[in-house]
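Enquirer: With chain A's structure known, arrange chain B on it following the hints.
2 protein chains.
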Amino acid sequence: MPEQPNLVCPIPIKDYPKVVLAHGGGGSFTHDLIEKMFLPAFENPTLSRLHDGAVFTTDSGRMAFSTDSHVVSPLFFPGGDIGSLSVYGTVNDLAMCGARPQYLSAGFILEEGLPMETLWKIIQSMSRAAQETGCQIVTGDTKVVDKGKGDGVFINTSGVGIIEHDRNIDPTEVHPGDAVLVSGDIGRHGMAVMAVREGIEFETTLQSDCASLAELVQDLLKANVPVHCLRDLTRGGLATAMVEIAQTSGYSIHLDENWIPLCREVSSACELLGLDPLYVANEGRLAAFVPSAYAERALQVMHASPQGESASIIGRVAKEEAGLVTMTNDLGTSRLITRLSGEQLPRIC
Amino acid sequence: MPEQPNLVCPIPIKDYPKVVLAHGGGGSFTHDLIEKMFLPAFENPTLSRLHDGAVFTTDSGRMAFSTDSHVVSPLFFPGGDIGSLSVYGTVNDLAMCGARPQYLSAGFILEEGLPMETLWKIIQSMSRAAQETGCQIVTGDTKVVDKGKGDGVFINTSGVGIIEHDRNIDPTEVHPGDAVLVSGDIGRHGMAVMAVREGIEFETTLQSDCASLAELVQDLLKANVPVHCLRDLTRGGLATAMVEIAQTSGYSIHLDENWIPLCREVSSACELLGLDPLYVANEGRLAAFVPSAYAERALQVMHASPQGESASIIGRVAKEEAGLVTMTNDLGTSRLITRLSGEQLPRIC
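From first to last, the protein sequence lines are chains A and B.
Residue numbering for the first sequence follows my numbering, starting at 827 and increasing by one per position.
Residue numbering for the second sequence follows my numbering, starting at 827 and increasing by one per position.
You can't tell identical chains apart in this list, so a pair holds if it fits in one copy or across any two.
Taking lysine to any residue and the SDA-like style, the derived pairs with C-alpha atoms no more than 20 Å apart in a straight line are:
hint : residue 1 : residue 2
1    : Lys844    : Lys947
2    : Lys840    : Pro941
3    : Lys973    : Gly939
4    : Lys973    : Gly1168
5    : Lys1145   : Pro1117
6    : Lys947    : Pro843
To be clear, the hints were calculated from the coordinates, so they are not data collected in a lab.
Chain A on its own, in the form it takes in the complex (with noise of 0.2 Å):
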């Protein structure tokens, strides 16, 4: 850690003097922020890894502890809301390090003037949720801010899990010959909060992903496959995940665009709203990263969850083109996937 506390700010004040709703996104501007701001100035090699919660080692093994603030808008979505929402992404960020997750903490940031029902309603949701996951909400914080200076509620959740076996979870992990595989179909839940908050109307309605991973993940390793990595889908979706992984493993992905499993109401609601659904955020979908021999064997254990249902191995890793993301199409011409640039999807968890 630096001696001398730096008074200049690392990003150059000429190029962005103030914060804009892309530094919540999840890409390349949100990366900008973690590499040259959070990354110096709270330096250690936890917080390095990147991944999706810390790991640290006690006298009895194991520990992953990791946070997520929600700010998802309407508060109330097809298929979740942000109560749900915050305890299943702390879950599955747990999750994605191979952890059970076991304690989660809620911090409340209510607005002066926030119907108590809709509270209740949403305490409600996390307590089903926390419930459903096995995990107990033992610690809490309240705070109220001036009408006008919040919306509705912010909710903080952290959690503590346990880590049961010895193997690294973790994009340092990933090695060329490891087999991709995605847990569902992509970009349901971002399509359905930005269904509700343009009124859009579908023939069905549009229900978001939201769900807990950590029993899918539960599984794989009780299946003895042998888990590289593991990711969920969130902001910047499945694009920005593959590529911050390439980048941490310092290997090549490569995707095959006919696995990749979409369904007809999100992609229809792409093409309307002129999204990619490769950078639509999901929250309740992983990507994992196991060696080739194990992949068939994964994804049967995915397809008997009912997490993983449309489970379906979309490409692989190489040693070539070091760092890069492509993706091969129909015609069998490959594109280069690149990070979510700017905002996409503005609070969407």
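Expert: Frame of chain A; chain B shown alone:
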């Protein structure tokens, strides 16, 4: 936990249809929210202890886990800022459980338009505070909300600490005969923030007491003081902390007004604004409950620490008048101390 969701909001709509600022004030409104909404919904034995943090047991020993969201306004005040405050806030909650704080998370909710240099100053301040307390910020999250839907920056910190001894340091351990100590003069933080907010000038600049109490707690433990309970005197001040502990322990607390340390600046600022210093928030002061035979030793340890120079023995615990707090003044008359009712100083932390 309830099998069926309870659809009727437990705080009667006719009484409080909406959230008011006082629900975040740490007094009787906050107490109501916790007792009627959070506890029934999230019911579990750890949460029900209502301590500053949760304590859980792992194979190797006990750990503490705590969370705090920070919404202080203004972001910078004499003696601190939201960055250092957010680190000390969670560090102190862990210390109150008798834990050695180790790992912190940082969850930022930024408002669109926040100057990047302001964010950098805050991050630097968090970094220095973390370094000073020997904590690592190991995981984080950043969200951005639209201009007018936040207020510059809100910071949630959660933390994990290790409990390296066998004592239960908890309000239920308080016993008749315990001496009550306060680690320093009260009311500085609240009045320093109010002075900036209200534009009040004093002869000298009133500084917040914002500081880590972790070292002071370690000093007490190393000196083998059999500490029964610790509580930092944040929102609601000394008075509210005493009422909470009296109610949880089931015993009464009797304070002597003459012994409660108070500096001249806080005293005159409180007079000017018509506030009772007993209810003003502190961010670097604790109350300790120790067997009376150890009171002098505890006081010596506190006096030897930079955080406890003006420490004082301010009262005692008794069996009679269970759950009540009284304070005797100069004239020998005794008055009943109640929980902060309503909101005295909004957004103080």
